[in-house]
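If you're matching them up, the sequences are chains A and B in order. Quick note on our numbering: the first sequence kicks off at 6 and runs consecutively. Quick note on our numbering: the second sequence kicks off at -2 and runs consecutively.
It is worth saying that the hints were derived from the structure and are not from the lab. There's no promise every hint is true.
[Unchecked claim] In silico DMTMM-like pairs for lysine to aspartate or glutamate, Cα to Cα no more than 20 Å straight-line:
1. K76/A to D29/B
2. K25/A to D177/A
3. K16/B to D29/B
4. K180/A to D213/A
5. K76/A to D171/A
6. K223/A to D171/A
7. K215/A to D177/A
8. K77/A to D177/A
9. K77/A to D29/B
10. K61/B to E44/A
11. K51/B to E30/A
12. K25/A to E146/A
For reference, the chains in residue letters:
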Amino acid sequence: MVILMEEKSDEIRLPLIGEKAPDFEALTTQGTLRLSDFEGSWLVLFSHPADFTPVCTTEFIAFSEIYDELKKRNTELLGLSVDSASSHIAWIRNVEEKMGVKIPFPIIADLNKEVSEKFGMIHPAQSKTETVRCVFIMDPESKIRTILYYPLTTGRNMQEILRIIDALQTTDKHKVATPANWNPGDPVVVPPPKTSEQAEERIKEGYDCKDWYLCFKKL
Amino acid sequence: MIAVPCVSTDGKPTKSGIKMLSALKSGASTPDALSGATGMPMFRVRSGLRQLVKAGFVKQVDNKYQLTPEGSKLAA
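Taking the hints into account, I'd like the entire structure generated from these sequences.
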């Protein structure tokens, strides 16, 4: 996927699923951080359009509400917008004062748009000055595992973000796939057989097979 | 409370910085051990160590970290 930034002639290639995310160093509300500082943990890097805006405020409260659940999954959160660190700090102080919610994760102040351009977070047809609602889920090796994009007007679903992390971690641990609408505890999909012999064998293995290519098992 | 970097703009260690220096003085010498001793997440430990090394309070020897004489004076 290639995105052409309107005011620059150079092409910026977005990091894609399966690729290692490009490292960066950025000023955040918790000091200067590098992406590589998060290695060893899963990471949800997400952008929001702007501080002191209504949908973003609901999302930040919602991200804070799932923070403990993310920590249980060895997952960190890292926010981003093209606002300044002072604006971020004023906003999160306001959220704490007015809504009683402490924002526990760092937020990148991407004033020069260096990080947002690297990750294709500005979609000029939506806004030339604000980032859309992107979510990059990375594994402990900083490999991109999921990319989600939402428009400015649609707040994200935190349960879906948790569900994706659960699904990815289940896939890594058990070498299985997860079917539509899967949730932890539901049967998982056994990888399809690569040979006719494997297809015959798997019927005998006690999986719940609808046919040779679609088999489920309980973990 | 908003978490702050380990070294303030005037070059002095912040509360988080002192916490890291004290953990180093107590024998924690790797990011993992420092994270365990301070309760700070790994990303903050790694970033904090960079700042403390740059400020001259900590030095890196191979894959371990040690206090410099200046850092040692500031560690609680």
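Q: Would you list, in rising numerical order, the hints stated earlier that this structure does not obey?
A: 7
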